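Participant: Spelled out from the first residue to the last, the chains are:
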Amino acid sequence: MDLKVIVNEERCKSCGLCVNICPKHVLRISDKINSKGYYPVELFDNENCISCGFCYLVCPDMAIAEVKKPEFVK
Amino acid sequence: MKTIYKVPSAITSRDTTYCPGCTHGVAHRIVAELLDETGLTKKTVIVWPVGCSVFGYYFIGTDALIAAHGRACAMATGIKRVHPESFVMTYQGDGDLASIGIAETVHAAARGENITTVFINNGNYGMTGGQMSPTTLIGQVTTTSPYGRKPELNGFPLHVPEMLATMDGPAYIARGALDNPQHINQAKKFIQKAFTAQQKRLGYSLVELVSTCPTNWKMTPVESIERVKREVLPIFPLGEFRAVKGVE
Ligand SMILES: Cc1ncc(C[n+]2csc(CCOP(=O)(O)OP(=O)(O)O)c2C)c(N)n1
Ligand code: SF4
Ligand code: SF4
Ligand code: SF4
Chain A
1 MDLKVIVNEE RCKSCGLCVN ICPKHVLRIS DKINSKGYYP VELFDNENCI SCGFCYLVCP
61 DMAIAEVKKP EFVK
Chain R
1 MKTIYKVPSA ITSRDTTYCP GCTHGVAHRI VAELLDETGL TKKTVIVWPV GCSVFGYYFI
61 GTDALIAAHG RACAMATGIK RVHPESFVMT YQGDGDLASI GIAETVHAAA RGENITTVFI
121 NNGNYGMTGG QMSPTTLIGQ VTTTSPYGRK PELNGFPLHV PEMLATMDGP AYIARGALDN
181 PQHINQAKKF IQKAFTAQQK RLGYSLVELV STCPTNWKMT PVESIERVKR EVLPIFPLGE
241 FRAVKGVE
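Heads up: the protein sequence lines correspond to chains A and R, in order. Position 66 (the first sequence) corresponds to 66 in this note's numbering; numbering is contiguous. Position 73 (the second sequence) corresponds to 73 in this note's numbering; numbering is contiguous.
Because the hints were derived from the structure by calculation, they are not lab data. Worth double-checking, as some hints may not be accurate.
Calculated cross-link-like contacts (lysine-lysine; reagent style DSS-like; alpha-carbon spacing at most 30 angstroms) [to be verified]:
1) K24/A with K189/R
2) K200/R with K69/A
3) K189/R with K68/A
4) K43/R with K218/R
5) K6/R with K36/A
6) K68/A with K218/R
7) K200/R with K24/A
8) K218/R with K200/R
9) K36/A with K245/R
10) K193/R with K42/R
11) K36/A with K24/A
12) K2/R with K69/A
13) K32/A with K43/R
14) K229/R with K189/R
15) K6/R with K24/A
16) K6/R with K32/A
17) K68/A with K245/R
18) K229/R with K193/R
19) K229/R with K24/A
20) K24/A with K218/R
Nothing here was measured: the structure is a model prediction, and the numbers come from that model.
All chains, please: the whole structure from these sequences, using the hints.
Facilitator: As structure tokens, then:
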């Protein structure tokens, strides 16, 4: 399945607000490093993400670029 | 997959200059979302302040000016009167709006100018290193209140929305907060109503947003939002303080 949360790694400042708010604990600070020297956040468990968008709402740096919800066909 | 949230197009591609976890960026995003949703971006002029958000025009892509410290409402008054078809906003911190610029703010509100103010209350002068501001809490340590703000020496915190709500000029006055998703959604709703007030030419509108300044509070971003809930919101309660008929 496609990722439900698209992170713009270059914009992330590793503040941790999204990691803190995520009700399903599926985000973490990665060990990659961006050009500003921050460790961008990553969605490590796409399956358990509920597409609530809390991470998008609290992110002060527009680094959660998009949140998507799966569409179920009956 | 259906997109439910996406960074609004009124946000530019330029990275913000704010410290990690600073809620100025959240305020920018909800303003930009509303500009997208109302289709106002192209006819908007934002008057930016002196303070950390002085470079705001790099981050929200509208026409813009920077006012001398505290004078945003005076400048916005001129712009709106000369260009009544434009949507005119000011974006100001608590040092800018409530300290050096309190006269301009109060009189723009009293005159009922058709402009909208987004007021970022982070309880100190962020840009200059965390000095005490009019909204610093009693007991709060800042560089200019090293033993905590004392009423006998420094007076009491200023409640700007409560004060302006006693006047006849303002059409819409509210206070929101940016510490959690529920409050962020509520704050957006408040700003949307402030936009409506201006679009319907009902008078002045202001929304205070209780914000954080992790760097000068000397806290992590997460500790800062916890402090908002624990210490700031009991003193600065959320809600709508004035809404004339026609604002919805
Ligand atoms: C006339 C004048 N006086 C003082 C200053 C110094 N100064 C720059 S920013 C600032 C305070 C900004 O604080 P605030 O409005 O709370 O915004 P923040 O940086 O916290 O977002 C001050 C006093 C100035 N630039 N111009
Ligand atoms: S959308 Fe909700 S569940 Fe998914 S990562 Fe973001 S906060 Fe967590
Ligand atoms: S809230 Fe935004 S900037 Fe902060 S860690 Fe998450 S994605 Fe990065
Ligand atoms: S100094 Fe404070 S208000 Fe200014 S960008 Fe940093 S955290 Fe934000």
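Participant: All hints, please: hold or fail.
Facilitator: Each hint, compared with the structure:
no.	hint	in the structure
1	K24/A with K189/R	26 angstroms, holds
2	K200/R with K69/A	36 angstroms, violated
3	K189/R with K68/A	23 angstroms, holds
4	K43/R with K218/R	39 angstroms, violated
5	K6/R with K36/A	23 angstroms, holds
6	K68/A with K218/R	35 angstroms, violated
7	K200/R with K24/A	42 angstroms, violated
8	K218/R with K200/R	43 angstroms, violated
9	K36/A with K245/R	49 angstroms, violated
10	K193/R with K42/R	20 angstroms, holds
11	K36/A with K24/A	28 angstroms, holds
12	K2/R with K69/A	5 angstroms, holds
13	K32/A with K43/R	41 angstroms, violated
14	K229/R with K189/R	20 angstroms, holds
15	K6/R with K24/A	20 angstroms, holds
16	K6/R with K32/A	24 angstroms, holds
17	K68/A with K245/R	38 angstroms, violated
18	K229/R with K193/R	24 angstroms, holds
19	K229/R with K24/A	22 angstroms, holds
20	K24/A with K218/R	29 angstroms, holds
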